[in-house]
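Q: So you can see what is in the structure, the chains are spelled out below.
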Amino acid sequence: SGVFWSSLLSAVCRIIMAHQQVRRKLIAVIGDEDTCTGFMLGGIGEINDKRQPNFLIVRKDTSRSEIEDSFNQFMRRSDIAIILISQYIAEEIRHLLDQNTQSIPAVLEIPSKEHPYDPTKDSVLRRAKGMFNPDDFR
Amino acid sequence: MTDRLNIFPSRAAMTFMKARLKGAQKGHSLLKKKADALMLRFRQILGKIIEAKTMMGDVMREASFSLAEAAYSAGDFSLGVLQNVDKAQTKVRSKKDNVAGVTLPLFECVADGTDTYELTGLSRGGQQVAHCKEMFGKAVTLLVELASLQTSFITLDEVIKITNRRVNAIEHVIIPRIERTIQYITTELDEREREEFYRLKKIQEKKKKIRAIEDAVRAKYIQDQIDREGVATEARNLLKETDKDPDILF
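As they're listed, the protein sequences go chains A and B. Taking the numbering used here, I'd label the letters of the first sequence as residues 432 to 569. Taking the numbering used here, I'd label the letters of the second sequence as residues 98 to 347.
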């Protein structure tokens with residue numbers, strides 16, 4: 432009977448965890464190989480049941496349309512809450528970022544090794560252009 | 098369209114319009130207060146975003162360094178890392194925050210499951226790999242906070258625009274329209290009173306004229322009688338004849 436109760440408990444735990452997993456969301460990454468590797472090590476990478484990863488490695492030969500498709504896919508997925516994108520890649524799909532008015536998933540532009548962060552290019556900060564002084568960033 | 102409302106001008110309509118004006122003014126001041134509160138929160142968030150983005154630049158740089166160090170010691174482990182992606186250990190959970198009636202979404206970091214990369218770098222450079230993991234972990238925490246700030250920022254921006262639009266609409270369209278309606282009703286009521294007054298005066302004048310004519314005709318008739326019969330016979334006054342007829346019962 433002890434075995435019965437412990438197996439029942441573990442089954443209930445699994446059901447509760449499965450239910451909770453639906454509400455928790457992922458962080459997606461669009462960046463170069465080093466950025467992606469680093470963030471995977473940080474523990475945010477996942478392949479979902481449909482064999483879709485939540486990251487895109489952008490190499491020199493990655494086309495703009497691939498990046499656009501990937502971005503649009505991440506925006507449409509209901510299990511992604513945040514999209515991290517290296518700023519130099521964000522520049523390639525700037526038109527898509529400017530059009531985006533959804534507040535979730537949140538799109539964050541991050542710096543990369545060769546390209547430091549430039550606040551004047553950030554889509555989100557441009558909406559508040561008149562309200563802050565770029566010198567605050569130094 | 099912004100001329101005035103089409104209602105029948107009466108005193109009841111006047112009271113109704115005055116009540117509506119009061120309501121519109123109260124609504125306007127309340128909405129203005131809401132817009133001010135939201136604007137305050139908006140500026141606070143913007144300040145925090147600027148701080149966080151500056152910090153992010155530093156944290157990302159440290160994380161990149163640690164990755165380079167780890168790659169130097171442990172060799173190129175990126176292939177192994179990218180191939181072994183399975184389930185995420187760090188996920189985000191959304192909470193709701195309420196500011197002046199606006200629900201803002203917030204993100205919270207949630208650890209969920211075991212470390213997939215426990216065995217990476219076991220052969221060499223394990224310490225650097227562990228350090229790299231830590232650095233990127235810190236970066237993720239900071240980025241989740243930044244994402245919360247950013248979503249609040251965008252949501253607030255939209256709501257502030259809508260609220261300001263409503264404030265301006267009330268101030269420049271609704272209230273002037275109601276005021277013009279009240280003015281119209283007032284002028285209509287005044288005019289009606291004047292018309293009433295004028296009509297009364299006219300009737301009085303007419304009555305006076307008719308009486309003057311009647312008096313003139315009666316005077317002429319009596320004069321004619323005197324001229325013809327030498328004596329004036331008054332017309333029978335039925336009321337005076339009740340003196341000759343005693344009451345039957347009492």
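I should point out that these hints are in silico values taken from the structure, not numbers from a laboratory. Honestly, I wouldn't trust all of these hints.
Short, incomplete list of chain A residues facing chain B, as computed with Cβ under 8 Å [stated by the list, open to error]:
| hint | residue |
| --- | --- |
| 1 | VAL443 |
| 2 | ARG445 |
| 3 | ILE446 |
| 4 | ASP465 |
| 5 | CYS467 |
| 6 | GLU477 |
| 7 | ASP480 |
| 8 | LEU515 |
| 9 | LYS544 |
| 10 | HIS546 |
| 11 | TYR548 |
| 12 | VAL555 |
Taking lysine-lysine pairs in the PhoX-like style, the calculated list, with each CA pair at most 20 Å apart, reads [what the hints assert, rightly or not]:
| hint | chain 1 | residue 1 | chain 2 | residue 2 |
| --- | --- | --- | --- | --- |
| 13 | B | LYS145 | A | LYS552 |
| 14 | B | LYS184 | A | LYS481 |
| 15 | B | LYS130 | B | LYS258 |
| 16 | A | LYS544 | B | LYS235 |
Don't be surprised by glycine CBs; every beta carbon is placed ideally from N, CA and C.
Q: Of the numbered hints stated previously, which ones are contradicted by the structure, given in increasing order?
A: Hints 1, 2, 3, 7 and 10 are the ones this structure does not satisfy, whereas the remaining hints hold.
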